[in-house]
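Peer 1: Spelled out, the chains give:
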Amino acid sequence: MLDDFMMRATLAGIGVAIAAAPLGCFVVWRRMAYFGDATAHAAILGVALSLTFQMSIFAGALAVALAMALIVTLLTGRGYAMDTLLGVLAHSALAFGLVAVSFLSGVRIDLMAYLFGDILAVSRSDLVVIWGGAALVVALIAWRWSQLLTATLNEELAYASGFDPKREQLILTLALAVTVAVAIKVVGVLLIAAMLIIPAAAARGLARSPETMALIAAAIGAFSAVAGLRAAYVFDTPAGPSIVCVAAVLFAFFSLIGQQAQRRV
Amino acid sequence: MTLITVDNLSVRYGSNTVLRHVDMTIEPGEIVTIVGPNGSGKTSLLRAIIGATKPSVGQVSLKPGLKIGYVPQKLHIDPTLPISVERFMRLTNRVSRKQCTEALETAGVPDLLTRQMSQLSGGQFQRVLLARALINRPEVLLLDEATQGLDQPGSAAFYHQIENVRRETGCAILMISHELHVVMSASDRVVCLNGHVCCAGSPAVVASAPEYRALFGTGTGGALALYRHDHDHDHDHSEHSQEAAE
Chain U
1 MLDDFMMRAT LAGIGVAIAA APLGCFVVWR RMAYFGDATA HAAILGVALS LTFQMSIFAG
61 ALAVALAMAL IVTLLTGRGY AMDTLLGVLA HSALAFGLVA VSFLSGVRID LMAYLFGDIL
121 AVSRSDLVVI WGGAALVVAL IAWRWSQLLT ATLNEELAYA SGFDPKREQL ILTLALAVTV
181 AVAIKVVGVL LIAAMLIIPA AAARGLARSP ETMALIAAAI GAFSAVAGLR AAYVFDTPAG
241 PSIVCVAAVL FAFFSLIGQQ AQRRV
Chain B
1 MTLITVDNLS VRYGSNTVLR HVDMTIEPGE IVTIVGPNGS GKTSLLRAII GATKPSVGQV
61 SLKPGLKIGY VPQKLHIDPT LPISVERFMR LTNRVSRKQC TEALETAGVP DLLTRQMSQL
121 SGGQFQRVLL ARALINRPEV LLLDEATQGL DQPGSAAFYH QIENVRRETG CAILMISHEL
181 HVVMSASDRV VCLNGHVCCA GSPAVVASAP EYRALFGTGT GGALALYRHD HDHDHDHSEH
241 SQEAAE
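Chains as they are written, first to last, in my numbering: chain U, 1 to 265; chain B, 1 to 246.
FYI, nobody ran anything at the bench for these hints, they're computed from the structure.
It is possible that some hints are incorrect.
[As the list claims (entries may be wrong)] With the Cβ distance kept under 8 Å, some of the chain B side facing chain U (calculated, not the full set):
{"hint": "1", "residue": "L62"}
{"hint": "2", "residue": "D78"}
{"hint": "3", "residue": "R87"}
[What the hints assert, rightly or not] With beta-carbon atoms standing in for the labels, derived distance ranges:
{"hint": "4", "chain 1": "U", "residue 1": "A113", "chain 2": "B", "residue 2": "V57", "range": "21 to 31 Å"}
{"hint": "5", "chain 1": "U", "residue 1": "L75", "chain 2": "B", "residue 2": "D78", "range": "19 to 29 Å"}
{"hint": "6", "chain 1": "B", "residue 1": "S118", "chain 2": "U", "residue 2": "A248", "range": "18 to 28 Å"}
[Claimed, not checked] Derived DSS-like pairs (lysine-lysine); straight-line CA-CA distance at most 30 Å:
{"hint": "7", "chain 1": "B", "residue 1": "K67", "chain 2": "B", "residue 2": "K98"}
{"hint": "8", "chain 1": "B", "residue 1": "K98", "chain 2": "B", "residue 2": "K54"}
{"hint": "9", "chain 1": "B", "residue 1": "K67", "chain 2": "B", "residue 2": "K54"}
{"hint": "10", "chain 1": "B", "residue 1": "K98", "chain 2": "B", "residue 2": "K74"}
{"hint": "11", "chain 1": "U", "residue 1": "K166", "chain 2": "B", "residue 2": "K74"}
{"hint": "12", "chain 1": "U", "residue 1": "K166", "chain 2": "B", "residue 2": "K67"}
{"hint": "13", "chain 1": "B", "residue 1": "K74", "chain 2": "B", "residue 2": "K54"}
{"hint": "14", "chain 1": "U", "residue 1": "K166", "chain 2": "B", "residue 2": "K63"}
{"hint": "15", "chain 1": "B", "residue 1": "K54", "chain 2": "U", "residue 2": "K166"}
{"hint": "16", "chain 1": "B", "residue 1": "K63", "chain 2": "B", "residue 2": "K74"}
On a predicted model such as this, the values are computed, not experimentally measured, just so you know.
Idealized CB from N, CA, C, for every residue including glycine.
Please work from the sequences and hints to get the whole structure.
Peer 2: Here it is, written out as structure tokens:
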């Protein structure tokens with residue numbers, strides 16, 4: 001079954017969608033969209049470093065994404081507005097990454113594969129990494145779910161309930177770095193943030209509790225992966241962007257339905 | 001037994017000292033209100049009590065196992081986060097649905113259990129926050145300007161509810177407020193804060209204190225002389241206050 005590249009691609013897409021859904025909900029609730037972007041863009045620098053030192057792409061991307069997320073967390077509230085800070089860091093990391101890749105004259109690398117993903121080339125070992133990473137992210141978020149939600153609502157409320165909201169922020173940061181690292185192969189660094197935000201945003205109108213929003217987001221993400229791959233196969237379009245296009249169409253569709261439902265109430 | 005003891009507390013953010021040598025205690029069952037101008041360190045004091053801010057000097061000690069109910073100043077729930085009143089109340093408390101209903105009744109909003117948080121009015125929202133704080137039967141309730149955004153009848157009704165809560169549950173209440181006239185009448189003790197405790201005592205005593213009038217009467221900070229009115233305090237306290245006042 002896993003011999004078929006379409007089957008491997010589909011499984012990879014579903015794995016990323018499942019990890020991205022609960023995390024994406026927090027990204028939306030906490031207005032961290034740019035944060036996801038910054039972490040993802042930094043990963044291209046990780047790719048360049050991995051190729052230079054001949055390490056695994058996953059490890060390099062994970063390390064740089066994590067470093068980026070930690071730097072942003074540390075610099076928050078030190079004089080610059082969050083969006084300015086992220087704008088500076090995200091695009092500089094991308095630029096440094098692209099420059100670093102250009103130095104790698106020895107190896108011919110297909111930069112497009114990392115910018116937009118190369119889901120059809122997912123190997124069995126990639127699948128192990130993707131599903132392992134997804135399981136880790138889901139387990140982390142499920143474990144801290146109530147605390148993460150409380151910290152998202154109000155920092156003081158978290159302290160008064162006896163836990164440190166900064167630690168919860170760190171857990172989200174860690175989950176984000178892992179998700180970025182496993183999603184590079186599937187949608188590429190430029191579209192990872194889309195996989196986080198679009199399914200979660202599309203699920204909002206249909207959900208009445210935080211948990212159902214995460215589950216619906218996972219379903220929408222997984223459907224986008226399956227339908228996007230199918231569309232890419234039929235119309236011979238790039239796979240990663242096709243997945244994001246399906247998610248975007250679903251978002252538009254569910255937003256309209258949500259508005260209709262509200263009008264009727 | 002004293003619930004909360006604040007001992008010689010100073011809080012610094014970088015080079016900016018927001019609280020200097022603050023001493024205060026909260027005893028079971030009393031309503032204490034902290035008043036003070038903007039930037040006087042009211043919220044920092046509350047944050048230090050719940051452990052959100054580390055003291056640079058001094059310490060805050062809580063009675064062992066003290067149960068605190070906290071009502072935040074403002075709680076913004078992003079419209080993208082769907083959450084019902086019941087789910088919100090049970091988020092960090094292991095409580096039954098029945099306990100939620102009871103807490104909502106105590107807070108004066110019995111019928112909101114299944115509503116979405118995003119659909120509540122300002123007054124309902126604050127009462128749900130109050131109910132959430134009451135749900136694990138706290139021994140002390142901390143309120144940080146809990147009536148912000150409510151109109152005058154709304155906040156008067158809210159404070160009335162607070163007195164009811166004290167009467168029904170016997171829990172102590174420490175609150176911060178801007179609304180002096182409402183608060184003064186509802187409190188057993190008032191602490192007037194301006195970076196340090198500039199005066200404290202019963203509402204009548206504080207209202208007639210020159211420091212209080214200097215802060216709230218004419219609006220000028222001015223030089224703050226020490227005003228002794230609470231003779232129960234130990235010698236240590238007055239020394240700190242004197243330092244702070246100079």
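Peer 1: Of the numbered hints stated earlier in the document, which are not met by this structure?
Peer 2: Hints 1, 4, 8 are the ones this structure does not satisfy, whereas the remaining hints hold.
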